[in-house]
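If you read the protein sequences in the order shown, they are chains A and B.
FYI, in our numbering the residues of the first sequence are 68 to 188.
FYI, in our numbering the residues of the second sequence are 811 to 944.
Calculated from the structure, these hints are not laboratory results.
The model shown is predicted, which means the values in this text are computed figures rather than measured ones.
Each hint should be verified, as a subset may be incorrect.
Simulated crosslink set (DMTMM-like; lysine to aspartate or glutamate; CA at most 20 Å straight-line) [claimed, not checked]:
id	chain 1	residue 1	chain 2	residue 2
1	A	Lys75	B	Glu888
2	A	Lys186	B	Glu909
3	A	Lys186	B	Glu921
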Amino acid sequence: MEPNEETKTAARQLGQSLRQYNYVRSYHDAFEEIQADPEASALEKKMYDLYEALIARQQAGEILDREDTRPFYELRQQVQNHPLISKRNDMLRLAKPYLSQVADEISFLLGVDYAVLAKPQ
Amino acid sequence: MELQTNPASAPTAVKTDPLQAAQTLGNLLRQTPEYGAFLKALKAVNSDPAIQRLSTQIRAHRSALQWGHDAEGQHTAELARLELEMEDLPAVKEYHKAEEEVSLLFRAVDEIISQEAGVAFAANAQRSSCGCGG
């Protein structure tokens with residue numbers, strides 16, 4: 068479903084204006100710090116890889132027990148405690164109320180919840 | 811797991827108030843045929859007496875189930891039957907079709923916003939429905 072050009076332009080302008088918002092900017096800065104830190108990015112990648120491997124095993128019909136999932140939860144704890152990753156997640160968490168407020172402006176005009184209808188499946 | 815968008819490719823900075831930009835976008839979305847069809851289908855569902863009757867019955871069975879009043883499985887069976895009857899109504903089918911189309915449009919719009927903002931907009935803007943602060 069392709070939006071028309073006018074709608075695309077308005078969507079681009081909204082996205083660009085959100086990028087200027089303090090917490091979103093801080094989120095980007097923190098994101099870049101992680102990208103520049105091999106240890107942090109490798110740790111996070113390892114967690115996502117492990118998560119996907121567990122999901123694949125489950126989807127293949129395997130019943131996972133606590134010993135199977137324990138390495139993932141331990142790794143997730145390490146990821147959440149990493150200062151750079153924690154900073155990025157905090158910035159995103161702080162940005163969320165404002166993102167909700169902006170989405171509410173659209174929802175108010177439409178009379179339906181924009182964020183629910185637009186959320187990727 | 812957090813939903814995130816790679817913010818690496820920064821577009822040209824434009825100083826616009828996000829709330830004003832959201833209003834402009836909202837007004838444009840209101841004018842789309844997909845939104846018009848969705849609103850029409852929604853109104854049709856809300857004013858259809860058969861749907862209202864079925865909704866009332868469905869709510870009653872769900873309430874009974876929530877209170878644990880289903881020793882013989884009658885509420886479960888009746889709820890399943892009523893939900894199937896509801897889904898089979900032309901107005902409900904039309905509503906689901908219109909909802910899917912407007913949702914596809916909004917998702918395409920959201921992809922543009924998220925790409926430009928460098929953060930997944932709708933996914934992070936959605937308020938928690940559980941009231942648990944998540």
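Now for the hints, and whether the structure bears them out:
1. With a CA separation close to 46 Å, the supplied pair Lys75(A) and Glu888(B) exceeds the 20 Å bound.
2. For the suggested pair Lys186(A) and Glu909(B), the alpha carbons sit about 13 Å apart, so the restraint of at most 20 Å is met.
3. Restraint check: the Cα-Cα separation between Lys186(A) and Glu921(B) comes to about 9 Å, which is no more than 20 Å; the hinted pair holds.
Of the numbered hints given earlier, the model fails hint 1 alone.
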